[in-house]
Amino acid sequence: MSKNPSEATPPLEGVAVKTLTVSRRIAETVVLLIILIVGLFFFAGSLNIGSRSGDVVGASTFPKALSLLLIFTTALAIIYALRAPPNVSITLKRPRAVVIAIVLLIAFPPLVGMLGYYVLIVPWLIIFGWAARVRSPMLIVINLVTVLFVARVVFQMILRTPMP
Amino acid sequence: MLENLTSAFFLMLNLNTAFALVAGIFIGYFVGALPGLSSSMGMALLIPFTFGMEPVPAMVMLVTIYMAADFAAAIPAILVNAPGQPAAAVTAFDGFPMRERGEAGLALTLSVVSSGVGAVIAVIFLIFTAQAMANWALAFGPAEYFALGVVGLSLISALSTGGMLHALIGLFLGLLITTVGIDPIEGKQRYVITYSLIDGIPFLPALIGLFALSEVFVLIEESRGATKLHSVERLVVPKIRSVFKHFRTMLQGSVLGYFIGVIPGAGSSIASLVSYGVARNLSKKKSSFGRGNPEGVVASESANNASVCGALAPLLTLGIPGSASAAVLIGGLTIQGLQPGPFLFIENPEIPYSIFLALLIGAPLMAALGLFGAQLWARVTLIPRGVVATCVASISLLGSYAATNSIFAIYITVIFGIAGFVMRKVGIHPAPIVLALVLGDLVESNFRRGMRTSSGDLSYFVDKPIAATLLIVALVVLTLPLIGRLRRRNMQEEI
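One line per chain: the protein sequences are A and B, in this order. Under the numbering used here, residue 164 is the last one in the first sequence; the count climbs by one each step, no gaps. Under the numbering used here, residue 1495 is the last one in the second sequence; the count climbs by one each step, no gaps.
No lab work stands behind these hints, which were simulated from the structure alone. We put the beta carbon where it would ideally sit given N, CA and C, even for glycine. Check each hint, because a few of them may be wrong.
Selected chain B positions facing chain A (in silico; Cβ < 8 Å) [to be verified]:
| # | residue |
| --- | --- |
| 1 | Phe1049 |
| 2 | Leu1168 |
| 3 | Leu1176 |
| 4 | Tyr1191 |
| 5 | Ile1395 |
| 6 | Tyr1411 |
| 7 | Arg1424 |
| 8 | Lys1425 |
Now the in silico label distances, taken between C-beta atoms and shown as ranges [unchecked claim]:
| # | chain 1 | residue 1 | chain 2 | residue 2 | range |
| --- | --- | --- | --- | --- | --- |
| 9 | B | Ala1468 | A | Asn48 | 30 to 38 Å |
| 10 | B | Asn1016 | A | Ile90 | 46 to 54 Å |
| 11 | B | Val1462 | A | Gly50 | 27 to 35 Å |
| 12 | A | Gly113 | B | Gly1187 | 27 to 35 Å |
| 13 | B | Thr1469 | A | Val141 | 55 to 63 Å |
| 14 | A | Ile37 | B | Glu1100 | 31 to 39 Å |
| 15 | A | Leu159 | B | Gln1339 | 22 to 30 Å |
| 16 | B | Ser1459 | A | Leu40 | 28 to 36 Å |
| 17 | A | Gly50 | B | Gln1339 | 23 to 31 Å |
| 18 | A | Asn48 | B | Arg1452 | 16 to 24 Å |
| 19 | A | Leu68 | B | Ile1472 | 19 to 27 Å |
Please construct the entire structure, taking both the sequences and the accompanying hints into account.
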């Protein structure tokens, strides 16, 4: 894995974009391994699903067959991925911003349960907006007003959603 | 049919339905005009807003978003060479050179009028063919429904942009996800590791995660700083004669587009390309195509919009989504407690007929909005991606919460959103997963019912002529793109 902050994609409106370049072989193998583990989890779980006696196709048949198919296709894809030429790469533009966005999204559900929607959404949106390059005060205010309007008027008042 | 159309017409006069129609058109235009937002993403994001609505206005709104997004996609394609939807890329072949020649007004007018004509002709076809298809499907039993589900699943080869192996991984993963919860035949619990999973993985939060939230990361990658508002040149409205001299191409594109749209998986991109190719081959000025020939814009746009109506035929009558957007539309129907398929025409005929009328009434409105609001829609393309990303992210989280009023749904959206983005990066597209989420239950429950009826005899599924034909169709649909790829590879090797 190589991080090339100097290696920039063509500038967007004069702004050089930082990129993270990862070997496709490595990235694909890692993702496929995670899917393989998911397949193994489903297969192991299917062994504990009981079926009514006398049924040729019971409650566990589909999960068992599908998890085996997933394990087989993923294993095959891993073999192909490892055979791929090493110079092919995957580029992630603005990696820091993407990681910040992922962290903010993962943190959102537990935080919204603890703090409540309206307390959380203001700082959350400002930080998320910063990551998405929404940095002018006017755009931040427009963003906040739009989201708060949708939450309060559309969801809470019209659709009667009980906000956390 | 006439009776259903009349009652649907009175439903259209309802203020809520009329409002849903107009709102759907505006939202669809906005989604279509913004490069980076797809109609499937826009619809997935908007489904939570339909929770409190009656089924008819809800479906009218979703369908008009679907159609209007296709109408508007041509605007950025012509003005800035950035198609709002993949199918509009064909429009840009000639639309953008026309704009460079100073004929942006003519190109936009042709695109909007062709889209309108294409939609109206296709809706008329749809009205006459849908009821017949639904009547035919009424005789279906478990074997036919299973085979129909398999046809739907075989579309992964057409819908996925990555390789076949990756599409299969997405498909199996999606099908496995549908097995979570209570099993449809015996009522046994499967993978219920927490009580929140008793009803399975909630479909809408998963859909919002895969289609909307995963796109947010792409928008963040592409987001730039403050965008300078470029001035949009004043558009000159052309004479009516210069538009309608292409009427023959409009007709030809509309008919082609509708019938290509009916074929599940073919989609509007193929419809545009085929129509463009036919128009080019029939033209006396073949070499001018790709250099700003108005016929190119007309052929692409009429077919593109007609195919959207075509895709509604298998969706409404058989419950088979022919495209990613159609799969999202099925999500919208199921949220309203409606099951697409032949029984929709018997139990809730007001739904399909209101959809037909909404498209028929909406098409001229969409054309008018495109003609008179072109300057505005051109400016929509300049909204910074970061602003769109922030709004989409927060509305995705809010919408998924509203689906079940539980924070668990937000977890599902976040997991599917991040997983969707990561998988996209390595070539596993979310479309096969969504297709599996839509059809998984249909395939499993009908297969098991069939096996029970036949006491475990697999030949039950091939003994019935319709089921056997459908399974052959599935095999052809699955293998045809593979053969095409092999051929292309051989040709490249020969070169």
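Next item on the list: Tell me if Leu1176(B) is really an interface residue toward chain A, meaning its C-beta lies closer than 8 Å to one of theirs.
Entry: Holds. Min distance 5 Å.
Checklist line | Whether the CB-CB distance between Ala1468(B) and Asn48(A) falls inside 30 to 38 Å | finding: Hint holds: Cβ distance 36 Å, inside 30 to 38 Å.
Checklist line | 28 to 36 Å as the expected CB spacing between Leu40(A) and Ser1459(B), which holds or is violated | finding: holds (33 Å)
Checklist line | Proposed interface contact between Tyr1191(B) and chain A, which counts if any beta carbon pair is under 8 Å | finding: holds (5 Å)
Next item on the list: Verify the interface restraint on Leu1168(B): the C-beta must sit less than 8 Å from at least one C-beta of chain A.
Entry: holds (5 Å)
Notebook entry, point to check: That 16 to 24 Å hint for Asn48(A) and Arg1452(B) (C-beta), does it hold up?
Noted result: holds (23 Å)
Next item on the list: Using the beta carbons of Asn1016(B) and Ile90(A), state whether their distance is inside 46 to 54 Å or not.
Entry: holds (47 Å)
Note to self: Against the range 23 to 31 Å, how does the distance between the Cβ atoms of Gly50(A) and Gln1339(B) compare: consistent or not?
What the structure shows: Distance hint for Gly50(A), Gln1339(B) holds at roughly 29 Å.
Notebook entry, point to check: Is 27 to 35 Å a correct range for the gap between the Cβ atoms of Val1462(B) and Gly50(A)?
Noted result: holds (30 Å)
Next item on the list: For the range 55 to 63 Å, tell me whether the beta carbons of Thr1469(B) and Val141(A) fit it or not.
Entry: Hint holds: Cβ distance 60 Å, inside 55 to 63 Å.
Check: Does the nearest C-beta of chain A fall within a distance shorter than 8 Å of the C-beta of Lys1425(B)?
Finding: Constraint on Lys1425(B) satisfied, holds at 6 Å.
Next item on the list: Answer holds if the nearest beta-carbon of chain A is closer than 8 Å to that of Phe1049(B); otherwise answer violated.
Entry: holds (7 Å)
Checked against the numbered hints given earlier, this structure breaks hints 7, 14; the rest are met.
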